[in-house]
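Visitor: Chains C and S, in that order, are what the protein sequence lines are. For what it's worth, our numbering labels the leading residue of the first sequence as 1, then goes sequentially. For what it's worth, our numbering labels the leading residue of the second sequence as 1, then goes sequentially.
It is possible that part of the hints are untrue.
No farther apart than 30 Å at their CA atoms in a straight line, the calculated lysine-lysine pairs in the DSSO-like style are these [said to hold, decoys possible]:
hint	chain 1	residue 1	chain 2	residue 2
1	S	K118	C	K175
2	C	K80	S	K108
3	S	K169	C	K175
4	S	K387	C	K175
5	S	K169	S	K108
6	S	K110	S	K581
7	C	K232	S	K581
8	S	K205	C	K232
9	S	K108	S	K536
10	S	K450	S	K536
11	S	K169	S	K450
12	S	K450	S	K382
13	C	K80	S	K387
14	S	K251	C	K175
15	S	K382	C	K80
16	C	K232	S	K382
17	S	K243	S	K382
18	C	K175	S	K110
19	C	K232	S	K573
20	S	K243	S	K450
21	C	K80	S	K573
22	C	K80	S	K243
Calculated directly from the structure, the hints in this document are not laboratory data.
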Amino acid sequence: MSLRCPDLRFALVALGLACGAAQAAAAMPELRVCADPANLPYSQRDESGFENRIARLVAEDLGMRLSWFWQEQTRSFVRKTMGAGECDLFIGVPAGFDKVLRTRPYYRSTYVAVTRRGTPPFAGFEPGQLRARRFGVQLIGNDLAASPPGAALAQNGAVENVTGFLVYGDGPAGKRMVDAVAGGSIDVALVWGPQAGWFARRSAVPLELVPVQAPTGLAMPFEYAIAMGVRKGDTALRDRLDELLVRRKADIDAILDAYAVPQAPTPGPASIAGAQP
Amino acid sequence: MRMRSLCLYAVLAAASTGAIQGRAAAQLANDGEWPMAARDYASTRYSPLDQVTVSNVRSLKVAFTFDTGVNRGQEAAPLVVGSTMYVVAPFPNYLYALDLTKPGAPMKWKFEPNPDAKSQGVACCDLVNRGVAYADGRIFMNTLDGQSIAVDAATGKEVWRTKLGDIRKGETVTMAPLVVKDKVLVGNSGGELGVRGWLVALDTKTGKEAWRAWSTGPDSEVLIGPGFRPFYAAERGKDLGMKTWPGETWKIGGGNVWGWISYDPQADLIYYGTANPGPWNPEQRPGANKWTSGIFARSPRDGQARWFYQYSPHDLHDYDGVNENILLDIPFKGRQRKVLVHPDRNGYVYVMDRMNGQVLSAEPFVHITTTEGVDLSTGALKYNPQKQPRTGQTIREICPVSPGGKDWQPSAWSPRTQLLYIPHQNLCQDTETYDVSYIAGTPYVGVDNKMYAGPGGNRGLFTAWDVANGRKRWQIPERFPVWSGALATAGDLVFYGTMDGWFKAVDARNGTPLWQFKTGSGIIGQPIAYRGPDGKQYIAILSGVGGWAGAIVSGGLDARDGTAAAGFVNAMKDLPAYTGKGGTLYVFALP
Chain C
1 MSLRCPDLRF ALVALGLACG AAQAAAAMPE LRVCADPANL PYSQRDESGF ENRIARLVAE
61 DLGMRLSWFW QEQTRSFVRK TMGAGECDLF IGVPAGFDKV LRTRPYYRST YVAVTRRGTP
121 PFAGFEPGQL RARRFGVQLI GNDLAASPPG AALAQNGAVE NVTGFLVYGD GPAGKRMVDA
181 VAGGSIDVAL VWGPQAGWFA RRSAVPLELV PVQAPTGLAM PFEYAIAMGV RKGDTALRDR
241 LDELLVRRKA DIDAILDAYA VPQAPTPGPA SIAGAQP
Chain S
1 MRMRSLCLYA VLAAASTGAI QGRAAAQLAN DGEWPMAARD YASTRYSPLD QVTVSNVRSL
61 KVAFTFDTGV NRGQEAAPLV VGSTMYVVAP FPNYLYALDL TKPGAPMKWK FEPNPDAKSQ
121 GVACCDLVNR GVAYADGRIF MNTLDGQSIA VDAATGKEVW RTKLGDIRKG ETVTMAPLVV
181 KDKVLVGNSG GELGVRGWLV ALDTKTGKEA WRAWSTGPDS EVLIGPGFRP FYAAERGKDL
241 GMKTWPGETW KIGGGNVWGW ISYDPQADLI YYGTANPGPW NPEQRPGANK WTSGIFARSP
301 RDGQARWFYQ YSPHDLHDYD GVNENILLDI PFKGRQRKVL VHPDRNGYVY VMDRMNGQVL
361 SAEPFVHITT TEGVDLSTGA LKYNPQKQPR TGQTIREICP VSPGGKDWQP SAWSPRTQLL
421 YIPHQNLCQD TETYDVSYIA GTPYVGVDNK MYAGPGGNRG LFTAWDVANG RKRWQIPERF
481 PVWSGALATA GDLVFYGTMD GWFKAVDARN GTPLWQFKTG SGIIGQPIAY RGPDGKQYIA
541 ILSGVGGWAG AIVSGGLDAR DGTAAAGFVN AMKDLPAYTG KGGTLYVFAL P
């Protein structure tokens with residue numbers, strides 16, 4: 001902490017706070033983070049998720065006292081949390097998510113195919129390749145919204161052999177999907193990367209993970225850059241986070257690696273899905 | 001109490017409206033009561049009271065008011081049985097009994113069912129409750145978290161409670177139950193979360209489940225057996241509730257039963273609609289997706305289906321089939337028929353033979369671009385491929401919108417004018433894909449619906465529909481969607497409310513505005529008429545804006561987010577300038 005103090009001097013002085021170990025925790029400004037209480041690998045009430053750990057890093061770096069507001073990340077999450085004034089920060093939102101002000105993206109992942117080791121790998125969305133396997137996709141449950149791989153399967157004629165896993169329900173859909181692959185009730189789970197990485201690592205059955213390419217002609221990307229989100233207009237916090245994300249990149253990457261988050265290569269700015277202008 | 005209930009059944013069976021039997025109604029002792037949301041089994045919402053008339057309605061004044069204690073969308077119909085009024089509030093679903101014998105109608109009792117707070121997070125469209133039902137000295141109510149409860153009407157004490165749904169899966173209940181003989185009928189909501197639809201019959205005495213009819217799945221679970229005789233070939237075949245879906249998608253296929261149930265005592269059949277298929281994108285669920293977006297006729301005794309007709313096969317636009325079914329015995333196309341009249345979300349008024357499910361006519365009551373009529377020989381809805389939603393494509397001018405030409409808000413029928421009074425919306429929408437959204441840590445490209453006023457520029461219409469001739473007789477434009485129910489009376493008046501808070505009476509014959517009163521909040525409730533213990537006619541309505549259309553006010557949604565409330569906010573941005581939240585009962589009478 002003391003090593004980091006010089007970097008923070010400007011911010012702390014601006015806040016009228018002293019820098020040093022003697023500083024009373026109660027005097028520290030509060031960093032209020034909204035998160036789902038049961039959505040591993042991202043967040044968990046016992047603070048065991050990677051977003052919990054990144055939040056801890058951010059709070060310590062900024063010399064702020066971390067507090068949590070728990071809310072299931074379902075419909076109206078933003079309105080019930082940041083919209084209701086309950087928090088200042090979301091640790092993870094897509095870089096094109098326009099309900100909040102976003103920082104620079106700090107990781108980028110993709111949908112991946114999870115298969116049992118020893119079974120054929122996912123061979124792409126050629127219609128001829130899709131008939132013989134049983135697929136699982138995340139099912140969003142909002143009117144007319146499909147998960148990107150679900151839309152790709154449907155557009156290539158695979159519907160009979162596709163099982164939908166609702167993102168609402170008992171435990172994360174990613175876990176239910178990976179369990180279904182391990183248990184043999186489906187052959188290929190097309191899962192968003194962070195969930196696939198985490199749950200596949202915990203499977204008793206050896207599994208393989210391969211990033212999936214979106215078929216040409218599909219209007220929705222498979223890769224998404226993830227940023228932090230703050231209240232619209234809160235450019236002060238956003239700017240501090242932008243600076244932190246560059247300076248602490250190695251530490252954040254280490255957390256993501258510890259949670260086996262599959263990282264997609266960062267392309268040029270033009271092709272980042274929904275990136276801010 | 002037993003006598004009272006028999007008496008009530010006699011009225012219902014005789015249909016004091018004359019609707020079902022088509023004969024003039026005798027003046028019965030309790031023609032001044034309102035024992036269920038639609039007043040009668042035929043769902044007419046017609047009161048035979050005629051004290052308040054076209055010539056004296058201008059003198060109508062507030063008699064008393066009552067605060068429901070909840071400032072959310074008030075969609076319920078108050079009930080009046082004997083000298084007591086029963087009022088149910090939105091979540092947390094307080095139930096009140098008001099003593100009509102005393103000045104100001106003081107509270108007799110209040111029942112607090114204490115539903116699970118988690119249900120607030122999963123309800124799709126505000127935290128509404130559409131009413132309770134009375135029978136056998138009990139009030140039957142549903143709570144948002146999927147419980148059905150019987151309450152002693154005299155004391156307000158709980159008699160039984162049955163948990164019907166699982167809130168963790170997104171299953172909620174918002175509909176008004178219907179009591180038929182010894183069964184209370186309840187259906188579920190939650191199709192957009194993958195909740196599989198059902199209608200349940202509970203024993204009125206014990207709350208024990210008598211039967212459950214699923215809206216998807218094998219015939220054995222849909223309660224389709226040898227007595228199932230649908231009119232059209234498209235509805236015939238084994239296990240269509242599975243075979244018209246890919247794989248096992250029927251297990252989370254929607255078809256919820258959150259609207260209205262009607263009952264024909266002579267035929268001993270109940271009629272109710274099923275909601276849209278879900279939660280898949282249409283491209284992911286090829287097939288007709290039975291038995292969603294259609295109507296069932298069933299025996300109330302064992303739930304066995306008699307016939308089914310699918311208004312919107314393989315629904316593309318969220319056109320639930322749950323709107324009200326009005327049962328009439330009227331001359332139609334030259335002969336006396338037992339018909340069922342249903343103004344659907346897809347924009348057509350269906351007139352059906354309710355004995356066999358044949359569509360006799362389907363005429364548009366709003367501007368329609370999504371379809372080009374109904375083929376009466378096959379029953380098929382003719383979709384316009386130009387307006388079919390496709391991933392990654394912008395489709396403009398989809399009319400009607402997802403909430404339909406009309407939504408849940410129930411029509412009223414007057415046997416005197418032979419007109420159906422339809423409260424509804426006049427909205428179109430553009431559907432485009434937008435950048436990116438995020439639920440439960442899962443990014444995806446969502447669909448962005450933006451609703452706006454249809455032809456004429458007014459977002460609401462109140463239409464008097466000539467059922468026999470399949471055409472509109474008169475129409476009143478309204479600024480906002482008319483999200484309240486309608487009431488017709490023997491005084492040749494029609495009552496309805498507007499989302500900016502006006503409660504209105506118009507001439508049932510020609511739509512001439514005769515009286516209006518500005519309530520404290522927007523009106524999305526169901527007006528009723530009753531005779532008080534003093535012999536006077538009263539008109540009652542709950543005021544308190546909300547529901548899907550009014551969520552921008554009741555849910556405090558951001559007017560800048562046009563896609564909130566599934567795109568409805570875009571069409572309702574100015575509502576907060578006209579009304580705030582509320583939750584008040586208003587009761588009117590002549591001085």
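Visitor: The structure should be examined with respect to each hint, and the outcome stated for every one.
Guide: Right, here's what the structure says about each hint:
no., hint, verdict
1, S/K118 x C/K175, "23 Å, holds"
2, C/K80 x S/K108, "36 Å, violated"
3, S/K169 x C/K175, "16 Å, holds"
4, S/K387 x C/K175, "37 Å, violated"
5, S/K169 x S/K108, "37 Å, violated"
6, S/K110 x S/K581, "22 Å, holds"
7, C/K232 x S/K581, "26 Å, holds"
8, S/K205 x C/K232, "55 Å, violated"
9, S/K108 x S/K536, "21 Å, holds"
10, S/K450 x S/K536, "47 Å, violated"
11, S/K169 x S/K450, "28 Å, holds"
12, S/K450 x S/K382, "24 Å, holds"
13, C/K80 x S/K387, "34 Å, violated"
14, S/K251 x C/K175, "20 Å, holds"
15, S/K382 x C/K80, "41 Å, violated"
16, C/K232 x S/K382, "45 Å, violated"
17, S/K243 x S/K382, "22 Å, holds"
18, C/K175 x S/K110, "45 Å, violated"
19, C/K232 x S/K573, "20 Å, holds"
20, S/K243 x S/K450, "34 Å, violated"
21, C/K80 x S/K573, "20 Å, holds"
22, C/K80 x S/K243, "40 Å, violated"
Of the numbered hints given earlier, the model fails hints 2, 4, 5, 8, 10, 13, 15, 16, 18, 20 and 22; all others are met.
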